[in-house]
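The residues making up each chain are set out below.
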Amino acid sequence: MSEQNKVSKNQEVNDMENLKELVIYIAKSLVDSPEKVEVREVAGEQTSVLELKVAQEDLGKIIGKQGKTAKSIRIILSAAAAKIRKRAVLEILE
Amino acid sequence: MPVVIEKEGKTVSEAIISGCEALGVSREEVDVEVLDEGSKGVLGIGGKSARVKITVKRTEVSEKGLRAKKSLESILGFFVSTYSVHLGETSEVIKLDIKSGDETGLLIGRRGETLKAMEFIVGKIAGRFSENGGEKRISIDVEGYKKRREENIAKMVKEVAKKVRSSGRPITLDSMPASERKIAYIALKNEDGIRIETRGEGEEKRITINPLKRGGGGNQGAAHR
Chain D
1 MSEQNKVSKN
11 QEVNDMENLK
21 ELVIYIAKSL
31 VDSPEKVEVR
41 EVAGEQTSVL
51 ELKVAQEDLG
61 KIIGKQGKTA
71 KSIRIILSAA
81 AAKIRKRAVL
91 EILE
Chain Y
95 MPVVIEKEGK
105 TVSEAIISGC
115 EALGVSREEV
125 DVEVLDEGSK
135 GVLGIGGKSA
145 RVKITVKRTE
155 VSEKGLRAKK
165 SLESILGFFV
175 STYSVHLGET
185 SEVIKLDIKS
195 GDETGLLIGR
205 RGETLKAMEF
215 IVGKIAGRFS
225 ENGGEKRISI
235 DVEGYKKRRE
245 ENIAKMVKEV
255 AKKVRSSGRP
265 ITLDSMPASE
275 RKIAYIALKN
285 EDGIRIETRG
295 EGEEKRITIN
305 PLKRGGGGNQ
315 GAAHR
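Respectively, the protein sequence lines represent chains D and Y. Going by the working numbering, the first residue of the first sequence is number 1, and it counts up by one from there. Going by the working numbering, the first residue of the second sequence is number 95, and it counts up by one from there.
In short, the hints are calculated from the structure, not lab data. Each hint should be verified, as a subset may be incorrect.
Keeping only pairs whose Cα atoms sit at most 20 Å apart, straight-line, the calculated SDA-like set for lysine to any residue is [stated by the list, open to error]:
no.: 1; chain 1: Y; residue 1: LYS164; chain 2: Y; residue 2: LYS210
no.: 2; chain 1: Y; residue 1: LYS252; chain 2: Y; residue 2: THR266
no.: 3; chain 1: Y; residue 1: LYS189; chain 2: Y; residue 2: THR153
no.: 4; chain 1: D; residue 1: LYS20; chain 2: D; residue 2: LYS71
no.: 5; chain 1: D; residue 1: LYS28; chain 2: Y; residue 2: GLY294
no.: 6; chain 1: D; residue 1: LYS53; chain 2: D; residue 2: GLY64
no.: 7; chain 1: Y; residue 1: LYS218; chain 2: Y; residue 2: SER261
no.: 8; chain 1: Y; residue 1: LYS218; chain 2: D; residue 2: SER33
no.: 9; chain 1: D; residue 1: LYS20; chain 2: D; residue 2: GLN66
no.: 10; chain 1: Y; residue 1: LYS189; chain 2: Y; residue 2: GLY118
no.: 11; chain 1: Y; residue 1: LYS193; chain 2: Y; residue 2: GLY238
no.: 12; chain 1: Y; residue 1: LYS218; chain 2: D; residue 2: LYS86
no.: 13; chain 1: D; residue 1: LYS28; chain 2: Y; residue 2: GLY217
no.: 14; chain 1: Y; residue 1: LYS104; chain 2: Y; residue 2: GLU115
no.: 15; chain 1: D; residue 1: LYS83; chain 2: Y; residue 2: GLY199
no.: 16; chain 1: Y; residue 1: LYS249; chain 2: Y; residue 2: LEU267
no.: 17; chain 1: D; residue 1: LYS68; chain 2: Y; residue 2: GLY294
no.: 18; chain 1: D; residue 1: LYS61; chain 2: Y; residue 2: GLY228
no.: 19; chain 1: Y; residue 1: LYS164; chain 2: Y; residue 2: ARG204
no.: 20; chain 1: Y; residue 1: LYS249; chain 2: Y; residue 2: LYS276
no.: 21; chain 1: D; residue 1: LYS71; chain 2: Y; residue 2: GLY228
no.: 22; chain 1: Y; residue 1: LYS256; chain 2: Y; residue 2: LEU267
no.: 23; chain 1: Y; residue 1: LYS147; chain 2: Y; residue 2: SER133
no.: 24; chain 1: Y; residue 1: LYS218; chain 2: D; residue 2: ILE92
no.: 25; chain 1: Y; residue 1: LYS252; chain 2: Y; residue 2: ARG222
no.: 26; chain 1: D; residue 1: LYS61; chain 2: Y; residue 2: LYS252
no.: 27; chain 1: D; residue 1: LYS83; chain 2: Y; residue 2: ARG205
no.: 28; chain 1: D; residue 1: LYS86; chain 2: Y; residue 2: GLU197
no.: 29; chain 1: Y; residue 1: LYS164; chain 2: D; residue 2: VAL31
no.: 30; chain 1: Y; residue 1: LYS151; chain 2: Y; residue 2: GLU127
no.: 31; chain 1: Y; residue 1: LYS164; chain 2: D; residue 2: SER29
no.: 32; chain 1: D; residue 1: LYS61; chain 2: Y; residue 2: PHE214
no.: 33; chain 1: Y; residue 1: LYS210; chain 2: D; residue 2: SER33
no.: 34; chain 1: D; residue 1: LYS53; chain 2: D; residue 2: SER78
no.: 35; chain 1: Y; residue 1: LYS257; chain 2: Y; residue 2: THR302
no.: 36; chain 1: D; residue 1: LYS61; chain 2: Y; residue 2: LYS189
no.: 37; chain 1: D; residue 1: LYS86; chain 2: Y; residue 2: LYS104
no.: 38; chain 1: D; residue 1: LYS68; chain 2: Y; residue 2: GLU295
no.: 39; chain 1: D; residue 1: LYS65; chain 2: Y; residue 2: GLU298
no.: 40; chain 1: Y; residue 1: LYS249; chain 2: Y; residue 2: PHE214
Take the sequences, apply the hints, and build the full model.
See the structure below:
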């Protein structure tokens with residue numbers, strides 16, 4: 001029984017890890033300094049917050065004109081989170 | 095013009111593999127010309143790396159198209175279990191068609207918003223470094239969703255135009271994104287007896303179909319067709 005719990009718990013960690021990796025991939029592909037991309041997960045009961053940090057000069061590339069890039073990343077993240085029946089919010093740190 | 099790159103590696107096959115990976119294509123999709131076989135040297139000293147020239151067989155695909163396909167596949171890989179992406183290009187558009195049995199709805203999103211978001215992000219990523227094909231627009235579809243939607247919009251606006259003509263009264267449509275308004279304009283291009291007007295800003299732009307002959311009496315409008 002406890003063995004089974006352990007397995008499902010691991011699965012969950014992997015799932016959240018996937019969302020994090022998704023955000024990292026997109027962010028790294030858009031910026032000039034991919035080595036400065038960091039994502040931290042702040043886990044909550046229902047909703048997890050993914051805090052994205054990029055180099056100051058790259059902030060504009062992540063947000064985009066009228067926030068269109070940030071909005072698009074959020075929509076893709078929501079779809080990916082829905083797949084694993086989770087809610088994930090993207091927070092872009094300035 | 096086909097996409098061509100040169101790649102170095104410890105051996106010829108390593109150079110080929112890394113080249114194919116960089117382009118996001120499989121070995122069968124490229125022609126390879128060995129420029130330098132390379133040599134091992136003695137005890138790792140004096141070795142020379144191998145060099146190959148890799149040419150993508152499909153001449154109609156651009157570097158931007160290949161890059162777009164690769165980045166879309168990467169994004170899907172994080173949350174979709176089974177999918178395949180087909181790349182097709184014309185002189186103006188890079189078309190990426192996703193096949194994904196169970197996850198089609200998830201990938202479309204509410205009113206196609208997930209599809210549109212992926213299109214935007216993939217466009218940004220692919221457009222960054224691509225000189226070849228840079229001017230082409232990217233269009234992503236899932237299981238023919240967009241195509242059906244386009245057909246529905248064309249059908250809907252033509253029906254509205256008919257109504258406007260017969261009633262002689264203008265009708266304003268729901269707000270539509272630019273891509274859908276374009277479809278509406280094209281569908282209405284050859285419709286007689288109406289005049290199109292667009293009002294509003296950004297996401298809230300709406301098309302109004304006006305009758306050329308105004309009047310409350312519907313019959314009059316219809317009679318002048």
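Open item on the list: Of the numbered hints stated earlier in the document, which are not met by this structure?
Closed with: Hints 5, 7, 9, 12, 19, 21, 25, 26, 33, 36, 37, 40 are the ones this structure does not satisfy, whereas the remaining hints hold.
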